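Student: Sequence:
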Amino acid sequence: MLKPDKKLIFIIAEHHENKVKSIVFELAACADKIRKICPSKIKVIVLGRETGKLSFEIAHTAGLDTVAIEINELALYNAEIYKTVINNLAAEFFPSFIITGHTTRGLDFASGLAVRMIAACITGVEGLSEAGGKFCFRRQMYYGKINSHVAACSEPLIITVQPGAFEQYKPDKANPGRVETRKIECVPEFIRAKGIRRCKFQDFSISEAKVIISAGNGIGERENLDLIYRFAGIFPGSAIGGSRILVDRGWLEYRQQIGLTGAVVTPELYMACGISGASQHLAGMRSSGFVVAINKDPKAAIFNESDVCVVEDINKFIPAFLEEYEKKGI
Numbered sequence: 083m084l085k086p087d088k089k090l091i092f093i094i095a096e097h098h099e100n101k102v103k104s105i106v107f108e109l110a111a112c113a114d115k116i117r118k119i120c121p122s123k124i125k126v127i128v129l130g131r132e133t134g135k136l137s138f139e140i141a142h143t144a145g146l147d148t149v150a151i152e153i154n155e156l157a158l159y160n161a162e163i164y165k166t167v168i169n170n171l172a173a174e175f176f177p178s179f180i181i182t183g184h185t186t187r188g189l190d191f192a193s194g195l196a197v198r199m200i201a202a203c204i205t206g207v208e209g210l211s212e213a214g215g216k217f218c219f220r221r222q223m224y225y226g227k228i229n230s231h232v233a234a235c236s237e238p239l240i241i242t243v244q245p246g247a248f249e250q251y252k253p254d255k256a257n258p259g260r261v262e263t264r265k266i267e268c269v270p271e272f273i274r275a276k277g278i279r280r281c282k283f284q285d286f287s288i289s290e291a292k293v294i295i296s297a298g299n300g301i302g303e304r305e306n307l308d309l310i311y312r313f314a315g316i317f318p319g320s321a322i323g324g325s326r327i328l329v330d331r332g333w334l335e336y337r338q339q340i341g342l343t344g345a346v347v348t349p350e351l352y353m354a355c356g357i358s359g360a361s362q363h364l365a366g367m368r369s370s371g372f373v374v375a376i377n378k379d380p381k382a383a384i385f386n387e388s389d390v391c392v393v394e395d396i397n398k399f400i401p402a403f404l405e406e407y408e409k410k411g412i
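For reference, each letter of the sequence shown is one residue, going 83 to 412 in our numbering.
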């Protein structure tokens, strides 16, 4: 097949348990920004065992052409199949951009796909612009303290987009996109998905709480978690969350982890205590209603996402706050 005159953008749709994940429409918003700068066609690629219903949902909601790839061997996600099938589709359609989520799934296959395609790969994208005739993609560096603007020197380009970085795509017209269905066989050679093992204990309070008090590396010692629990006691119905580093240390349970590899939360009030604001954590709390951040580093990235910023050591601030609270007798 000859290369098309008009550029093409692939969106790799993410779904779970026969439900389209919301990030698909965020990826569509990113693709729409690209095509406004550089006229392009967009195709949404949906891979799985039964993808017809999901593809029609995406096509009708986003108004984008969708390719439903039905693979009997893909009852469960398999990175090897994803890389093989997308690579073959790219060889057929010659996309200039392949967009996927900066999620556990996207991160699992994106870099390997780039190797197979001999393509550039930019991860953790949070925005884009044009400079000198090239696309520049914005991503965080140094735990969110600075933003870098990265441009690729070649095509195709694979990018992973941070969840919450783009508002969900809402087309001006309600015309549904076309759906093309393909059935293929793709037997993995190296990877077999054996099943899904769910956590024995599930507590949904972290996703349902209207107030979340979240702790990070800034608490210093494990004993200081007591301050966080006392602080949370002021807010009825609040839940305790934390960054990945505290979970890795065993100070908090995995069910309390907030971020890219943990829970995505949308409380009315989110209080970040000693959290620097790395992009992986921001992905899990960016949609919170009101954010208060307490950190002794005035350049902490979390302040860029906060409504109220308190520059102070939390181990000094929280005791002073609790003392004043008790004096008021509220």
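Honestly, the hints are just simulated from the structure, not real lab data.
Honestly, I wouldn't trust all of these hints.
[To be verified] In silico DSS-like pairs for lysine-lysine, Cα to Cα no more than 25 Å straight-line:
1) Lys89 - Lys292
2) Lys216 - Lys89
3) Lys123 - Lys255
4) Lys410 - Lys381
5) Lys252 - Lys135
6) Lys265 - Lys101
7) Lys101 - Lys252
8) Lys265 - Lys115
9) Lys292 - Lys276
10) Lys123 - Lys103
11) Lys103 - Lys88
12) Lys292 - Lys135
[Said to hold, decoys possible] Pairwise CB distance ranges, derived in the manner of DEER restraints:
13) Glu394 - Glu335: 24 to 30 Å
14) Asn257 - Glu155: 33 to 39 Å
15) Leu158 - Ser236: 57 to 63 Å
Source: prediction; values computed, not measured.
We treat Cβ as the ideally placed atom computed from N, Cα and C, and that holds for glycine.
Student: Which of the listed hints are broken here?
Tutor: Violated: hints 1, 4, 8, 9, 11, 12, 15.
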